[in-house]
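Asks: The chain contents come next:
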Amino acid sequence: MSSSHDTHASHAAAPTHEKKHLALTLHVWRQRAATSEGKFVTYKLDDVSPDMSFLEMLDVLNERLIANGEEPIAFDHDCREGICGACSLTINGQPHGFERETTTCQIHMRRFEDGQTIYIEPFRANAFPVVKDLVVDRGAFDRIIAAGGFITARAGSAPDANALPIAGDVAESAMDAAACIGCGACVASCKNASAMLFVSAKVSHLALLPQGQAERSRRVLAMVEQMDKEGFGNCTNESECEAACPKGISVANIARLNREYLRALACGD
Amino acid sequence: MVRRIASLWSSSIGKKALMSVTGLLLIGFLVLHLVGNLQLFADDGGKSFDAYAAKLKSFGPLLYVAEFGLGALFLAHLALGLRVTFENRAARAQRYALERDRGARSFASATMVVTGVIVLIFLVIHLLDFRLREMAPDGLAAMVVRRLSEPAGALIYVVGVAALGVHLSHAFRSAFQTLGLSGKGWDTPLARLGKAIAIVLGVGFAMFPLVFFSGAKKASHQASLEPARPIHAASDVTTEAIR
Amino acid sequence: MSSPTTVEASSKLASKCPSGPLAERWSKHRFELKLVNPANRRKFHVLVVGTGLAGASAASSLAELGYSVSAFCIQDSPRRAHSIAAQGGINAAKNYQNDGDSVHRLFYDTIKGGDFRARESNVHRLAEVSVNIIDQCVALGVPFAREYGGLLANRSFGGAQVSRTFYARGQTGQQLLLGAYSGLMRQVGEGQVKLYPRHEMLDLVVIDGVARGIVCRDLTTGEIKSYAGDAVLLCTGGYGNVFYLSTNAKACNVTAAWRAHKRGALFANACYTQIHPTCIPVSGSHQSKLTLMSESLRNDGRVWVPKAKGDTRSPEQIPEDERDYYLERKYPSFGNLSPRDISSRAAKQVCDEGRGVGASKMSVFLDFRAAIERDGVDEIRSRYGNLFQMYERITGEDPYRVPMRIYPAVHYTMGGLWVDYNLESTVPGLFVLGEANFSDHGANRLGASALMQGLADGYFVIPYTIAAHLAGRKLGKISTSHDEFKRVEQGVRERIERLKNAKGKRSPDSFHRELGLLMWDKCGMARNADGLREALVKIRELRDAYWQDVKIPGDAAELNNVLEHAGRVADFFELAELMCMDALHRNESCGGHFREEYQTPDGEAKRDDANFCYAGAWEYAPESPSGKVGWSMHKEPLVFENVKLAERSYK
Ligand SMILES: Cc1cc2nc3c(=O)[nH]c(=O)nc-3n(C[C@H](O)[C@H](O)[C@H](O)COP(=O)(O)OP(=O)(O)OC[C@H]3O[C@@H](n4cnc5c(N)ncnc54)[C@H](O)[C@@H]3O)c2cc1C
Ligand code: HEM
Ligand code: FES
Numbered sequence: 020m021s022s023s024h025d026t027h028a029s030h031a032a033a034p035t036h037e038k039k040h041l042a043l044t045l046h047v048w049r050q051r052a053a054t055s056e057g058k059f060v061t062y063k064l065d066d067v068s069p070d071m072s073f074l075e076m077l078d079v080l081n082e083r084l085i086a087n088g089e090e091p092i093a094f095d096h097d098c099r100e101g102i103c104g105a106c107s108l109t110i111n112g113q114p115h116g117f118e119r120e121t122t123t124c125q126i127h128m129r130r131f132e133d134g135q136t137i138y139i140e141p142f143r144a145n146a147f148p149v150v151k152d153l154v155v156d157r158g159a160f161d162r163i164i165a166a167g168g169f170i171t172a173r174a175g176s177a178p179d180a181n182a183l184p185i186a187g188d189v190a191e192s193a194m195d196a197a198a199c200i201g202c203g204a205c206v207a208s209c210k211n212a213s214a215m216l217f218v219s220a221k222v223s224h225l226a227l228l229p230q231g232q233a234e235r236s237r238r239v240l241a242m243v244e245q246m247d248k249e250g251f252g253n254c255t256n257e258s259e260c261e262a263a264c265p266k267g268i269s270v271a272n273i274a275r276l277n278r279e280y281l282r283a284l285a286c287g288d
Numbered sequence: 002m003v004r005r006i007a008s009l010w011s012s013s014i015g016k017k018a019l020m021s022v023t024g025l026l027l028i029g030f031l032v033l034h035l036v037g038n039l040q041l042f043a044d045d046g047g048k049s050f051d052a053y054a055a056k057l058k059s060f061g062p063l064l065y066v067a068e069f070g071l072g073a074l075f076l077a078h079l080a081l082g083l084r085v086t087f088e089n090r091a092a093r094a095q096r097y098a099l100e101r102d103r104g105a106r107s108f109a110s111a112t113m114v115v116t117g118v119i120v121l122i123f124l125v126i127h128l129l130d131f132r133l134r135e136m137a138p139d140g141l142a143a144m145v146v147r148r149l150s151e152p153a154g155a156l157i158y159v160v161g162v163a164a165l166g167v168h169l170s171h172a173f174r175s176a177f178q179t180l181g182l183s184g185k186g187w188d189t190p191l192a193r194l195g196k197a198i199a200i201v202l203g204v205g206f207a208m209f210p211l212v213f214f215s216g217a218k219k220a221s222h223q224a225s226l227e228p229a230r231p232i233h234a235a236s237d238v239t240t241e242a243i244r
Numbered sequence: 013m014s015s016p017t018t019v020e021a022s023s024k025l026a027s028k029c030p031s032g033p034l035a036e037r038w039s040k041h042r043f044e045l046k047l048v049n050p051a052n053r054r055k056f057h058v059l060v061v062g063t064g065l066a067g068a069s070a071a072s073s074l075a076e077l078g079y080s081v082s083a084f085c086i087q088d089s090p091r092r093a094h095s096i097a098a099q100g101g102i103n104a105a106k107n108y109q110n111d112g113d114s115v116h117r118l119f120y121d122t123i124k125g126g127d128f129r130a131r132e133s134n135v136h137r138l139a140e141v142s143v144n145i146i147d148q149c150v151a152l153g154v155p156f157a158r159e160y161g162g163l164l165a166n167r168s169f170g171g172a173q174v175s176r177t178f179y180a181r182g183q184t185g186q187q188l189l190l191g192a193y194s195g196l197m198r199q200v201g202e203g204q205v206k207l208y209p210r211h212e213m214l215d216l217v218v219i220d221g222v223a224r225g226i227v228c229r230d231l232t233t234g235e236i237k238s239y240a241g242d243a244v245l246l247c248t249g250g251y252g253n254v255f256y257l258s259t260n261a262k263a264c265n266v267t268a269a270w271r272a273h274k275r276g277a278l279f280a281n282a283c284y285t286q287i288h289p290t291c292i293p294v295s296g297s298h299q300s301k302l303t304l305m306s307e308s309l310r311n312d313g314r315v316w317v318p319k320a321k322g323d324t325r326s327p328e329q330i331p332e333d334e335r336d337y338y339l340e341r342k343y344p345s346f347g348n349l350s351p352r353d354i355s356s357r358a359a360k361q362v363c364d365e366g367r368g369v370g371a372s373k374m375s376v377f378l379d380f381r382a383a384i385e386r387d388g389v390d391e392i393r394s395r396y397g398n399l400f401q402m403y404e405r406i407t408g409e410d411p412y413r414v415p416m417r418i419y420p421a422v423h424y425t426m427g428g429l430w431v432d433y434n435l436e437s438t439v440p441g442l443f444v445l446g447e448a449n450f451s452d453h454g455a456n457r458l459g460a461s462a463l464m465q466g467l468a469d470g471y472f473v474i475p476y477t478i479a480a481h482l483a484g485r486k487l488g489k490i491s492t493s494h495d496e497f498k499r500v501e502q503g504v505r506e507r508i509e510r511l512k513n514a515k516g517k518r519s520p521d522s523f524h525r526e527l528g529l530l531m532w533d534k535c536g537m538a539r540n541a542d543g544l545r546e547a548l549v550k551i552r553e554l555r556d557a558y559w560q561d562v563k564i565p566g567d568a569a570e571l572n573n574v575l576e577h578a579g580r581v582a583d584f585f586e587l588a589e590l591m592c593m594d595a596l597h598r599n600e601s602c603g604g605h606f607r608e609e610y611q612t613p614d615g616e617a618k619r620d621d622a623n624f625c626y627a628g629a630w631e632y633a634p635e636s637p638s639g640k641v642g643w644s645m646h647k648e649p650l651v652f653e654n655v656k657l658a659e660r661s662y663k
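Residue numbers (our numbering), protein chains in the order written: chain A, 20 to 288; chain B, 2 to 244; chain C, 13 to 663.
No lab work stands behind these hints, which were simulated from the structure alone.
Where a beta carbon is used, it is the ideal one built from N, C-alpha and C, also for glycine.
None of the hints are false.
Distance ranges between label pairs, derived from CB positions:
| id | chain 1 | residue 1 | chain 2 | residue 2 | range |
| --- | --- | --- | --- | --- | --- |
| 1 | C | G488 | A | D188 | 54 to 60 Å |
| 2 | B | S107 | A | Q232 | 32 to 38 Å |
| 3 | B | A91 | C | D220 | 52 to 58 Å |
| 4 | B | A91 | C | K517 | 45 to 51 Å |
Derived pair list, reagent style EDC-like, types lysine to aspartate or glutamate, alpha-carbon separation capped at 20 Å:
| id | chain 1 | residue 1 | chain 2 | residue 2 |
| --- | --- | --- | --- | --- |
| 5 | C | K563 | A | E82 |
| 6 | C | K512 | A | E82 |
| 7 | A | K210 | B | E100 |
| 8 | C | K517 | A | E82 |
Model the full structure from these sequences, guided by the hints.
Replies: Structure follows, in structure tokens:
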């Protein structure tokens with residue numbers, strides 16, 4: 020297996036006719052349902068266009084499986100442009116693959132080498148049980164938001180949007196945190212399957228904004244409580260989550276979450 | 002309020018915060034401990050070190066309270082460390098077949114529980130060596146030097162404090178992050194300070210076994226010429242060797 | 013002025029638009045609407061299908077009012093609805109820039125942008141509530157871009173002459189949806205909304221002429237289940253994926269709307285499709301979707317193709333005088349910033365002439381050389397760095413060195429289920445919100461106005477108008493044990509069985525691709541009567557082949573992506589037929605609907621206000637017991653009392 024992916028980036032405008040198709044060996048995790056045993060199944064593809072996206076490569080494989088009367092590989096996807104957070108996949112041991120700040124659906128096959136072997140596994144964590152094959156249930160994230168990841172603002176009750184100026188840099192920091200797409204790569208890449216990066220991004224976004232102050236303490240206590248209930252691990256500050264995050268969410272948010280939580284414990288209402 | 006305090010023990014962030022505080026206090030103790038130990042290097046045949054030990058003893062019950070506090074900190078840290086580790090293992094029952102990190106984690110961060118347990122074992126030995134044993138007639142300093150001059154003793158102490166150094170190289174920075182005291186340009190200074198503390202404590206404590214052991218070797222070399230030399234004098238040889 | 017048409021209004025289509033001065037209609041209407049007593053709201057159960065901007069805002073607002081709500085979506089989380097993908101921004105007539113914007117100007121721009129094929133009353137209401145939307149979103153914590161001093165920033169978008177577009181980096185849709193979603197999840201936490209993710213609505217249940225429930229497939233377990241309620245809200249998005257390749261997310265589909273259509277809801281203006289000019293071109297037969305490149309690129313990029321046909325030289329070898337900057341040439345005053353429909357069609361024209369570029373010859377250059385020479389590479393990088401990076405990632409080409417290649421792609425569907433001013437369809441109790449309805453964009457949607465419409469419908473319209481139904485009609489208690497639920501469930505099961513039992517040779521995806529290509533060729537950027545007739549024949553053939561030859565492996569009683577897709581493709585076939593019929597019947601060109609027979613001498617769209625100034629709503633009417641599909645047309649004349657119908661000119 021090659022590990023020199025990053026040097027393999029094709030920076031030049033490669034003329035179309037020179038593009039060589041790739042032969043690949045895939046080891047794909049197949050699991051019928053949450054309760055069944057899973058295993059790797061090996062597939063060989065010998066005509067992968069370098070212009071395909073990773074998911075299109077799986078589409079092609081699936082079409083072939085259907086033609087053979089076999090069940091295609093189930094995987095989550097929707098927008099296919101790196102914003103909905105639906106796609107997952109752990110590719111050669113790395114959630115969303117080896118590229119930085121990239122989702123699985125944004126990977127293109129020209130970044131792989133002819134003859135390469137690729138392992139494809141689901142995002143793994145107890146809190147993300149496998150639904151089927153590569154599809155996992157990330158409902159835990161929704162439940163964490165339901166516990167407190169909001170600002171209570173009834174339609175009709177809002178003051179004029181410019182009534183409360185928010186300094187440009189504060190708004191930017193809030194936006195940095197809000198950029199999280201909820202894909203769960205932080206959990207999948209964390210050795211402890213911790214959800215701290217996700218929760219911290221949410222807490223930070225709302226705690227930074229003046230609108231979020233009224234519920235500040237209650238929010239962080241409730242969200243952390245729910246996070247713990249869901250069975251995620253504890254953070255050991257190794258920052259693998261930040262490195263895997265397709266939106267580059269910083270672990271500085273985790274420090275802020277810790278601060279918010281301890282502050283709420285100490286002096287929250 | 003009770004619930005809030007309970008959260009410190011039960012919630013993920015609470016647990017980690019307790020670990021950080023206990024860990025940082027232990028680091029504080031270690032710094033004092035190291036400074037105190039430096040007196041072993043004084044060129045007075047262990048007199049000032051023994052005087053220092055006697056001074057501590059004279060606090061009487063107060064010393065017991067301090068020791069008890071220290072023990073509690075340690076036990077709490079240890080219990081939480083083990084608990085956190087087990088929980089984290091359990092959070093991913095089905096492991097990855099292939100797992101490749103992105104280079105953000107370090108050797109130290111990946112081995113916290115290992116280095117922690119080594120420190121624990123070391124500490125037990127350490128206490129058995131000097132705290133829970135009857136005081137030698139020639140004083141504590143003599144006991145220490147004797148122990149650290151043995152090959153086994155030196156090895157145990159070097160390994161123990163090296164593990165401590167590795168543990169702390171991640172721990173210090175991590176503790177600040179856990180307590181929410183990082184971010185905004187503080188990360189790099191804290192990480193550097195953490196490394197520095199790890200090196201100072203690790204190398205600092207390692208000096209004792211290294212110096213005494215190499216000194217003892219020299220001494221034993223000399224001893225083969227002059228077999229009747231009392232062990233106590235070994236420290237003299239050592240200090241000479243340092244100069 | 014009143015309606016220019018002599019079109020006769022169908023009695024089926026009572027728009028319920030209030031009369032009187034335009035600016036007072038909505039408040040007058042709100043006053044006249046019935047109210048539901050707060051204590052009674054809990055007793056009403058509302059089913060909200062879809063959790064995009066429209067669905068999430070509606071579900072949370074209704075729950076907030078005290079109604080009991082169930083919300084359904086296909087994705088694993090409501091936060092992943094397709095609204096998440098919107099990049100550019102959301103319009104509002106705040107006039108924060110003091111540059112002459114007003115509710116009336118936004119109203120006028122939207123009516124004109126829609127090529128005078130939308131209702132005045134609706135569009136004015138949209139412009140009015142646009143200002144409340146921004147307030148509401150900010151209150152929810154949406155981190156809109158701000159100026160240094162803390163006030164909200166705006167930009168001008170899609171050729172508008174005022175800066176009224178609010179944005180959050182390139183993630184406006186995501187941030188707005190997260191805001192609406194957080195409100196929804198709060199209600200879920202409080203037990204006021206019950207959430208059903210990974211649930212697909214497969215049919216509508218109508219009892220005594222009123223929509224009383226839906227039948228869903230639980231996509232994880234395959235279980236078919238019914239849900240009863242007092243009103244059903246469809247917020248299920250657009251149907252651009254009928255073309256297979258589009259900028260829409262893969263799960264976008266017409267199934268919910270189509271099932272409702274077959275149960276009596278009229279489908280209006282099916283042929284109005286928006287084609288976006290700046291997308292990354294198709295790279296091969298494996299292509300699964302198209303990626304939109306922000307329109308803002310056209311602020312600095314120049315669009316061109318070689319003057320000569322079949323010129324295969326690489327772009328840097330083509331000298332300046334052998335390049336055709338066709339937008340600048342044809343539309344000197346708007347140039348590279350000409351509106352979406354016009355820019356798209358112009359690209360198609362030059363490619364059809366054989367002057368397209370790239371391996372497939374189906375793209376045009378978007379060249380930044382002049383801008384880089386003028387402003388420097390760093391400046392261009394700071395403006396478009398992430399877009400350039402995205403482009404390079406997908407194509408492997410470096411746009412700093414070689415011109416980008418772009419081509420138009422299907423982006424938005426203006427057509428949808430017909431609704432009245434209350435957003436109620438022709439089936440009482442069935443409301444349709446967001447892109448799924450036909451209401452506010454006429455024949456062409458302006459940039460940054462779909463997000464506005466979705467949130468307007470959900471936050472500020474439906475909370476009032478639903479009361480007209482709930483308080484105004486006598487709704488008996490109904491449970492899912494009612495015979496009609498059993499019957500509809502049975503129908504859903506049989507349909508799945510039929511698909512599964514075809515045991516043919518081809519995947520649903522291969523049929524979908526074939527249908528998409530046909531639609532793109534014959535009912536895409538430009539249509540003509542012959543092509544549409546030909547398409548109608550081919551669609552029917554392909555549809556029949558589909559039911560014979562489709563192949564669906566796996567079990568229906570578990571997660572089965574192929575089966576899900578198969579049902580959606582089956583509905584796309586029927587929709588495709590209706591779209592072609594609609595396009596064929598509309599003997600004019602307007603907005604996104606360009607009929608080649610109806611153009612001005614210099615190739616611009618030629619509207620026919622005398623004969624086609626109406627919304628065309630189709631009623632589903634099976635021709636024979638064999639279930640062959642057929643439709644009859646109802647017309648709602650469009651009355652313009654406040655604007656003058658004019659030719660859209662961008663020369
Ligand atoms: C790439 C892109 C960029 C865009 N950028 C902009 C922009 O900058 N500004 C702008 O104003 N507009 C933009 N648009 C348009 C805009 O995003 C959409 O029109 C709008 O978000 C639609 O919102 P919606 O709530 O109606 O539907 P969607 O967000 O599409 O939501 C549909 C919901 O219905 C559910 N659903 C569908 N069918 C079923 C079923 N059968 N059963 C159960 N649930 C179902 C889905 O799960 C989903 O929750 C853009 C569109 C695209 C494609
Ligand atoms: C003198 C001895 C010790 C000192 C000074 C010390 C100090 C620290 C500190 C400061 C941390 C960082 C806490 C945080 O980030 O939250 C830490 C983490 C840790 N300690 Fe210790 N520790 C000691 C001994 C031990 C022992 C005996 C164990 C035995 C199990 C242990 C196990 C751990 C573990 C597993 C962590 C990792 C938790 C994490 O990274 O978040 N430590 N230690
Ligand atoms: S499919 Fe939407 S982020 Fe990958």
